[in-house]
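As you go down the protein sequences, you meet chains A and B in turn.
For the first sequence, the tail end lands on 437 under full-length UniProt numbering, and the numbers increase by one without skipping.
For the second sequence, the tail end lands on 437 under full-length UniProt numbering, and the numbers increase by one without skipping.
Calculated directly from the structure, the hints in this document are not laboratory data.
Watch out, some of these pointers could steer you wrong.
The list treats identical chains as interchangeable, and a pair is accepted whether it falls inside one copy or across any two copies.
For lysine to aspartate or glutamate, the following DMTMM-like pairs were computed, each having C-alpha atoms within a straight-line distance of at most 20 Å [unchecked claim]:
no., residue 1, residue 2
1, Lys81, Glu343
2, Lys263, Asp154
3, Lys319, Glu293
4, Lys78, Glu244
5, Lys415, Glu18
6, Lys396, Glu106
7, Lys63, Asp370
8, Lys357, Glu106
9, Lys23, Asp113
10, Lys263, Glu343
The structure presented is a predicted model; accordingly, all values stated were derived computationally and were not measured.
Number of protein chains: 2
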Amino acid sequence: MGKINEGISRVNCSAVMEYVKRKVTLCGWVHRVRHLGKITFLQLRDRSGIIQCVLENEFAEMKLSLESVISVQGLVVKTMKTDRGVEVIVDKLQLLNAANAPLPIELNQKELDVHMDTLLNHRVLSLRNHKEHLMFNMKSAIVDAFTSFLRNEDFIQIFTPKIVAAGAEGGANLFSIDYFNQPAYLGQSPQFYKQMMVAAGYERVFEVAPVYRAEEHATSRHLNEYISLDLEMGFVSSSKELMELEENLLRFIFNTIRDRYQKELQEVGVTIPLIERIPCISLHEAKQILAHEYHKSTSEMEDLDPEGERLICQYFSEKENSEFVFITHYPKTVRPMYAKPLENHSLYTDSFDLLYKGIEITTGGLRIHDYQELISSIEENHLKVADFESYTNVFKYGMPPHGGLAIGLERLTAKIMNRPNVRFASAFPRDRHRLTP
Amino acid sequence: MGKINEGISRVNCSAVMEYVKRKVTLCGWVHRVRHLGKITFLQLRDRSGIIQCVLENEFAEMKLSLESVISVQGLVVKTMKTDRGVEVIVDKLQLLNAANAPLPIELNQKELDVHMDTLLNHRVLSLRNHKEHLMFNMKSAIVDAFTSFLRNEDFIQIFTPKIVAAGAEGGANLFSIDYFNQPAYLGQSPQFYKQMMVAAGYERVFEVAPVYRAEEHATSRHLNEYISLDLEMGFVSSSKELMELEENLLRFIFNTIRDRYQKELQEVGVTIPLIERIPCISLHEAKQILAHEYHKSTSEMEDLDPEGERLICQYFSEKENSEFVFITHYPKTVRPMYAKPLENHSLYTDSFDLLYKGIEITTGGLRIHDYQELISSIEENHLKVADFESYTNVFKYGMPPHGGLAIGLERLTAKIMNRPNVRFASAFPRDRHRLTP
């Protein structure tokens, strides 16, 4: 292959405008080719965007299949004929790696016109399409903002094991592993470990890591492996503090991605709203809204179903112009054993969900911090106390009052980008039928 | 429990000096208690450090077991008797959660005097010790610096599946999972997926995620689950570019943690050196050094063994005052099938290792980007081409020349902190015998 950048260093396609009347080297993929008599117009695409290259003389004759990887050198000149106002008159062209199989998808369209399964089967190709591509720039930027906000609030990042001896949610829906002939599982949540790290004296911790749910159902909202944005903090005394933190966190994330990807988001028609005060209602109030506004009846001690979540979001979008709504006062019966009961309503927990554009993206709340209370709660939930010993032991030695929350990264990302299925926000999704690519 | 911070908002122990003659609220753990007649001196510890609290009158009589969680309110006064030059005269004290079991480890010592297994069995407690505690502040800061450096170089963060259909290293040492009755494995490395994300047009990607090696041996340098700091980039044409990037990356990490934790590192006797130019030798030269300087004979086509790595590092530490050394020109026989051969020495690969304080912390190099060359390499390695189809297919559609590297986070962190076993840098290590906590 030899050196690509001999002499003149590489420039991104999106920066070419700054090099008018100068020579540049560009590297990327052949996005589109148009022969016009003795001249060929080649659109070159790299991670930053697309630029028009003009091929004359011997270059105009070259057979360059779409998606081949090339390097070109040439003079940047002004033109009225391209969006960027410049094009590159090529005087060197090197084919770095030819695409030599027929493309299964037509990539150089504004939107891919293929079924989701085709798109996911040919993931590396479909991600080269601008709209699909942006999803993972966005996912990266969301994590960057999540991380920056929390570090600024004096949280540290933790890394806890995904190979575990017991599940945090009580044993259902676990993938089992053969761990040196011992039974082990893939973690459903870093719940126990993040609480343990609070107890270990770090007080404020977050984790960005995969979690696993061996759920059989195939819906647009579930993945069997997804990234959970978890945080947990000591010395909080109500869910209200956690909801305030999450509101500020989401505001920071939204402002960050809006600033950073303004142009790109506009191109795909996505608007990132300003987050004002997020409305907050009890589960009971949510059910009253469902009954009165949508004639949907629900049972008092049950969680909202997907349709209920959708309708509540529709209501707050129409009435209060908010894409978000917090729901509080969940009964103990629909929360895990570690959820802390409300001080004066012991049938209910001091916990919350956050709904966004019709779907739950967060569950959070205070956790039980008293050892005896925790043991009783495990028993009440008909779980075996012995199964949780390495977790509950910690509570004997000074566990601060604490709470936390988790955000489903793919749900948040897909909804921000207005995509109907969480799979679009996973580069290589894992579901009941999908183990490759 | 009620509100902890009624009236006066909470202050970190390390910030108390800024509140002389003012009232503060503090929350934390009872680190040490000393009764002196009618006065009790209580050292209160939070995530930021330790502060002396003075308990008089009824407070002096309180039975407060070590490691109990409390909240105090009081006046900050100057004193000559403490390191910080201040203490807090307590006028309110609330016991938030008593530690009511005998402590299995004496925590309030400068260093824990216990066997590593005891330390790991009681991990939440041992992490409250200053020296152990600092390890995970450091791990978090290293990841922060790694991430910041790469984002600044226009890399995006990716999240690739850990449930995979085949191993990147050829099939040995895989943990198997029952994935809806299909055979599946835990990923040994995000190698294939990070290459695929380069091919998907992102060009520059990094990942911070767990990897899994089902290796039976129990050594001080192996974990069965660890965090791999991976990066991969397109349009590089030699390992030299990657080594330069890593040198700059490590320099940035070292400078960042040195600045941020100067005082804490000094307290535990750890020095973070300035990274100058990292020496670079071929594997052949390394073996000559081993033969001539240490009378250690090795075979030409084999990798260094742990003793060899240790001796080479000793050599460069003594001769060139460098804790790091790059080793290049590894033969194909000791590298995976995707490693790109050197252009003019086809028995050798364009790849490298980085040794640090006696241990390999990085493997990196160029990858094969030509489809036919990759297929031939898979065959030469006696692997089944069909097993790698969802990876190799990508190479038909325009794969740029590319390369990358991975850093073992726990090895790097443990070595920076001068700890002899990689387990000290894992909060909850997983090894042959350790599945809890």
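Checklist entry - So which hints don't hold here, by number, going up? => result Of the numbered hints given earlier, those the structure breaks are 1, 4, 5, 8, 9 and 10, listed in rising order.
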